[in-house]
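Visitor: Sequence:
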Amino acid sequence: MIIRRGISEVEWLIPIIDSKDFNFELYTFYLTQDAYESCLRSTSIIKILQKKQKNFFILKKNHKLFFRILLKTSNYFQKNFYDISFIKRKLNLSLNTKFDIVLSEFGNYSNWIQAFQKFDNSKIVKVPSTPTTFVNIAKKEVIRKIDCDFLIINNSTNLKYWSRFANKKKIKYFGVPIFDKTWVKKKIKKTKVKKDKIKILFAYSSYFGLANNKEFKILENQFISVMDSLSNIKNIQVTFKIHPEKNDPYFKELLKKYSNNFKILSNDYIYSLAYKSDILITSFESAAALYGCFFSKPCIELWKGVNSIFDQNFSKSNNGSIKILKPSSNIKDFNKKIHQAINHLNNKSKDFNKEFNNFRKIYFEKKNTIYEICTFLKEI
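Under our numbering, the residues of the sequence shown are numbered 1 to 380, in order.
Warning: the hint list may mix true and false statements.
[Claimed, not checked] DSBU-like cross-link-like pairs, simulated, lysine-lysine; straight-line CA separation at most 35 Å:
id	residue 1	residue 2
1	168	181
2	139	168
3	90	54
[To be verified] Here are the computed distance ranges between Cβ atoms for each label pair:
id	residue 1	residue 2	range
4	217	86	44 to 50 Å
5	86	140	38 to 44 Å
6	232	156	42 to 48 Å
Think of the hints as simulated: they come from the structure by calculation, not from any bench.
Predicted model, so just to flag it, every value in this text is computed and none were measured.
Heads up, the beta-carbon is just placed ideally off N, CA and C, and yes, glycines get one too.
All chains should be modelled from the sequences, with the hints used to inform the complete structure.
Guide: Written out as structure tokens, the structure reads:
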């Protein structure tokens with residue numbers, strides 16, 4: 001398994017890796033130290049990796065620095081830099097060892113993947129990083145083909161989207177592993193919790209480091225307006241789950257003016273956090289919303305705010321386009337929807353039932369998704 005960014009590339013795969021039906025010798029290759037440290041911060045997931053993997057290796061920044069520099073002048077030196085025998089030695093493997101399968105996230109275009117394909121004849125299997133169903137297709141989008149033997153996607157609804165990146169014959173779909181009934185049973189402990197406060201999970205992507213001065217101010221105003229709105233609601237507790245890569249710390253400065261029950265930061269598995277929460281608030285185009293939808297929790301998506309970070313061709317996110325949550329258009333609309341969510345909790349409205357039903361039509365619950373994927377991997 002080759003990891004480029006970090007934990008967000010592992011979360012989709014982890015129920016499969018943890019399964020008794022995953023009968024493979026697993027080796028993990030981290031392309032950067034940051035990718036490894038990202039996984040370390042998620043204790044529940046790193047425990048599974050440490051239990052199931054035979055060994056792991058982290059590529060250093062100064063790896064074959066001379067050849068890295070030469071690569072900028074000519075592709076001739078690729079075989080010197082992308083040397084899989086070096087990786088095998090680092091993993092304490094015989095040079096005669098062959099990797100049957102290379103698993104990686106669909107956005108990982110590392111030449112290391114092609115090196116294993118070329119020299120070990122490994123089957124390349126690309127997988128999603130999130131349960132997102134992609135349906136927004138821009139007319140003039142630049143398509144970068146995904147080089148793989150198989151591309152696993154979440155469901156048939158986004159087959160049209162992904163068939164632009166890979167041959168349809170290579171595309172497979174079995175469902176979403178984290179929505180498999182066996183994984184739910186394993187990870188969710190149903191206990192009665194005393195409801196003294198409404199628990200809101202704010203799954204926030206902090207883009208401040210990517211914004212220019214004008215857009216920085218827009219993002220700042222958006223965050224403050226949402227927090228001011230929440231601070232006017234009595235008897236709530238807000239827990240923040242920050243995106244593992246989109247995590248600029250400036251939002252912490254903005255949080256200082258609010259009371260302690262608005263400053264809870266969690267590194268827990270978002271799957272469990274969503275289950276324990278009553279309401280979810282997410283950034284625009286956030287896959288975190290799907291966890292809340294799965295557990296039938298009212299979910300409100302923030303408005304886009306800025307165009308440079310997101311696709312300018314669409315006013316709605318993919319989640320908004322398939323109508324599985326309530327997207328907000330501005331702070332006034334957000335205020336309306338957060339009160340709708342509270343009323344829904346108090347059985348005073350059925351405002352979110354339509355969204356829950358739309359979600360179940362696309363992400364119908366199965367009990368054999370993980371088994372089917374494991375069986376597929378054995379047979380390729």
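Visitor: Does each hint fit the structure? Answer for all of them.
Guide: Now the hints, each set against the structure:
1. 168 / 181: With Cα atoms ~28 Å apart, residue 168 and residue 181 stay inside 35 Å; holds.
2. 139 / 168: holds, 20 Å
3. 90 / 54: holds, 12 Å
4. 217 / 86: 44 to 50 Å: Cβ of residue 217 to Cβ of residue 86: about 48 Å, so the range 44 to 50 Å holds.
5. 86 / 140: 38 to 44 Å: Once the Cβ atoms are compared, 41 Å apart, the range 38 to 44 Å for residue 140 and residue 86 holds.
6. 232 / 156: 42 to 48 Å: Between residue 232 and residue 156, where Cβ atoms are some 43 Å apart, the hint holds.
The structure fails none of the hints (numbered hints given earlier).
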